[in-house]
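S.K.: Residue numbers (full-length UniProt numbering): 1 to 1002.
What the hints contain is simulated information worked out from the structure, not anything from laboratory work. Some hints could be false.
Stated by the list, open to error - Straight-line Cα separation of at most 30 Å, BS3-like style, residue types lysine-lysine; simulated pairs:
| no. | residue 1 | residue 2 |
| --- | --- | --- |
| 1 | K522 | K548 |
| 2 | K324 | K174 |
| 3 | K499 | K522 |
| 4 | K774 | K760 |
| 5 | K147 | K174 |
| 6 | K351 | K363 |
| 7 | K363 | K523 |
| 8 | K623 | K548 |
| 9 | K351 | K368 |
| 10 | K952 | K919 |
| 11 | K554 | K368 |
| 12 | K959 | K747 |
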Amino acid sequence: MGIMRASRDSSRMLRLTHDMTQSREALAMMDAHTTTFGRKRGCTISRCGAFLLGAFFLISLVVTGLLVYHFAPCLEEKQVQPCTSSDGDSLLQTGRSFPTMPIKKKLDVRLPKAVVPDLYELWLTPFIWEGNFTFHGEVKILVNVTKDTNNVTLHAVDMKIDEGFTSIRELSVKSNKTKVIEIVEQRNDTDRQFHVIRTSNTLKKGKQYVVHLKFIGHLNDYLQGFYRSSYTVGNQTRWIATTQFQPTDARRAFPCFDEPALKAKFQINIARPRNMTSISNMPRKGEPMPVPGLDTYVWDHYERSVPMSTYLVAFIVSDFDVRKSEDGNFRVWARHDAINQSQYSLNIGPKVLRYYEDYFKIKFPLPKMDMVALPDFSAGAMENWGLITYRETAMLYQEGISTSGSKQRVAVVVSHELAHQWFGNLVTPSWWTDLWLNEGFASYMEYIGMDAVEPTWKALEQFVVHDLQNVFSLDALESSHPISIEVGHPDEIGEIFDKISYGKGASIIRMMDHFLTTDVFKKGLTNYLNGKAYQSAEQNDLWHALTKQAHKDKVLDPSVTVKEIMDTWTLQTGFPVVTVSRNYNNNSITLTQERFLLRNSGTTITSESEPLWWVPITYTSEKQLNFNSTRPTKWMKAERSVILNDLDVSPSQWVLFNVQETGYYRVNYDRANWQMIIKQLNEQNFKDISTINRAQLIDDALNLAKAGKLDYTIAFDVTSYLAHEIEYLPWKAAFNAMDYLNDMLIKTQGYDKFRLYILKLLDNVYKQVGFIDKVGDPQLTVFTRIDVLNWACNFDHENCVTNAVQQFKNWRNTPNPDVNNPISPNLKSVVYCTAIRVGGQSEWEFAWQRYRGTNVGSEKDLLLQALACTREIWLLNRFLDWAITENSGIRKQDATRVFGSVANNIVGQPLTFDYFRNKWAHLREYFGTSLSTVNNIVKSATRGMSTRYELKDLVEFAKEHLDELGTATRTIQQAVERAESNIRWIDNNHATIRDWLQRNTA
């Protein structure tokens, strides 16, 4: 699925156990033990009662103490005090975490495997008109019995099953006759989302049966399962029925065995109004047939599918227009007024598909491919086999209106979803534990696919700043999680669709590509996909295929397996920092690894229980300047340290590790080596260091300082060379890291010096890129210009603000501004935001009307973000209101973007959190049973918290809503950890940074 979830010890992995919970469990255990003791030993009731009362009293005191300990404000009215542990040490000093949320009681939500599906025949009739929004369905499931049983257990949620109609028949191999099996009971296990059918006769192992059910469901507006979407033409509302099943929502559309490993063939039949069309995973067969009793409807019958998982099933009923490739096998669909925006997708889609066929050496398995742009869609896109669904901004691009970034987003998402047709669809993870096999591979392949169709964009270089460095910040938290992670309940499954599964997954796959060599990597993937085609797999299956190829081609020592290496990256939380310590007397180098954490205590962790990784070591030096070789010259084989003695470099020359940042780790150096690197960067030949590694040095230095592992004076000295830098990657790395500094310093004394320093660094690059969007500029130059202008205008660069305000004014004075916009597309973000920030209500209202009037999704996105730039509190508050109000003009799918944009505004961040707390009940009601959107709002609302008062409020909110957080549980925990870290950061670093800035901005 486009854009934005097994540890062997899930309690350690989740880090959500709480002392309070443990006390409750202890009490329950004591109760149970006491009862047993009394029963066995003949304890009288009165004595047992007295004992229980006493125990209860004592434990109540303990629980009360724990509650006070964990949740008391730790703040006096007139004086801020850090929370203290029982021995008086500050929690913020000792690194002890604030209260964490208890794990829900574990339910076994896996289906029994005595009955497994072979073929579904599904009939669905959606009623798509106001006031109805139901669908009627019928399904016949051919099942195989693998073990004698009297139960058929499958999934069904939010539907009414006609139990009087349900039947089970045994198929006879020798004749066409069937034998009716008597049903004695049907019941719903709501907690597990099961529908259980109990039979009087035993269903026999090796036999086949047909389970026949009839049901009625609701076309919901929660963007999950079989749901409704709409758009308007003039004053008329047009309705659509569409699907989103990943991960566990096929069960909302029809009763099914809704687990990824339970693949089956599907024969789908959709009834639709005569004036609409339907599409599904497979091509339609034959002509539409009348629906008895529904004169305005016809049946569309679809060809039988290949074996596939339920979450990949899809069907859509709409009145969309279609465009086709030359051979007719690749089609794109959109509403009539937007179909002309689909041409770029149609141009690149078939090319990417053919490229992947060559890359994997496996033909696309289905006879056709449809891609559909939906007005309402919860994710970025979904890889349904042969029928990929997108939100409009991820598939549609309008030349002359959409930005270069929008065009790249379309290329990225299309490439991502097409990669899934092999990774995820042809071979599917056996369980959501290995979701990362889907998402990590697609998130890496999207750059390879994009590079194949747009080679001038330097996509594989962009990966470093957009994915690898981006995910480091989340994975540096103690509340991060392993890539391969045990999950059960749908809430837990939904929770791991995050940057770890996507970005970290992609980063370690890229690392593997480099240490195995691309040739071995590709051949191993082909063998894996061929060996597991139409089946499910686990990560060990992939490791085996890659190991076999690596040994055959002699790129790995025969005693080493890919599993041995990669298990350290997938089964452990976090990543290492490799510290490089040089002995300048004997020219040796000691490399030491430890887990990199953002708890910024400055202490080195050497505990034997801390994780260790197989780290591929690559390096170059001032003498070699070889930035092309990314094969490891040495491995740290899950060992704390290694010594290198054979480096051909003099003591006066720098060394640099992790060439092209192909390894998923940070690098720190001793002070002397850092100083030599800084000297190189501040000389004219700084380009001797590759662009990617310059970006790495900035990102590593600032984040090592953030974690307390490097003096901020060194980190800022590294950034000083940016006064001469004009390349996109180093600047993007700097802006990403400076974002944090800006968030932390903006409320502190001396912030003016920080702004002055940034403007000083921007001076040269601002002059280079200018305020004119030049036709023919390379993609990375365009991206550099956008970032530089956004930062310059945000810091009130006079020329920047003047330009932006004037261009916005010109637009307002243009006749028919909905059609005629003189602002260059790539400059819109900075012009819109700056003019609205320095303007007032009239600028805001003008932009709001343009938002309501535009037909281009990417333009709506830009305006929605810009509307959050105002400094008018009442406008921001109204904006948040409209984001969660039906028919306000803001679609439910875009609410997250509104909250995120408002929270990025310095005056909007506290407003967003207060709003989120006060409207919690309404948010849960508005977004329905799926809390993935709420999860994203939590991330936004807690961004940048850096005071004890804010942290206290967050902890109190978590305590109050423990049982309602669902998929937001881990996000709240991460927010608490980040806030703690931010508080420590300001205590430890503010004075140092202020003094450095004072010296360097005089």
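S.K.: Look at each hint and say if it fits the structure.
M.R.: Verification of the supplied hints:
no.: 1; hint: K522 with K548; verdict: holds, 13 Å
no.: 2; hint: K324 with K174; verdict: violated, 47 Å
no.: 3; hint: K499 with K522; verdict: holds, 24 Å
no.: 4; hint: K774 with K760; verdict: holds, 24 Å
no.: 5; hint: K147 with K174; verdict: holds, 21 Å
no.: 6; hint: K351 with K363; verdict: holds, 13 Å
no.: 7; hint: K363 with K523; verdict: holds, 15 Å
no.: 8; hint: K623 with K548; verdict: violated, 37 Å
no.: 9; hint: K351 with K368; verdict: holds, 14 Å
no.: 10; hint: K952 with K919; verdict: holds, 19 Å
no.: 11; hint: K554 with K368; verdict: violated, 39 Å
no.: 12; hint: K959 with K747; verdict: holds, 28 Å
The structure is inconsistent with the numbered hints 2, 8, 11, although it conforms to all the rest.
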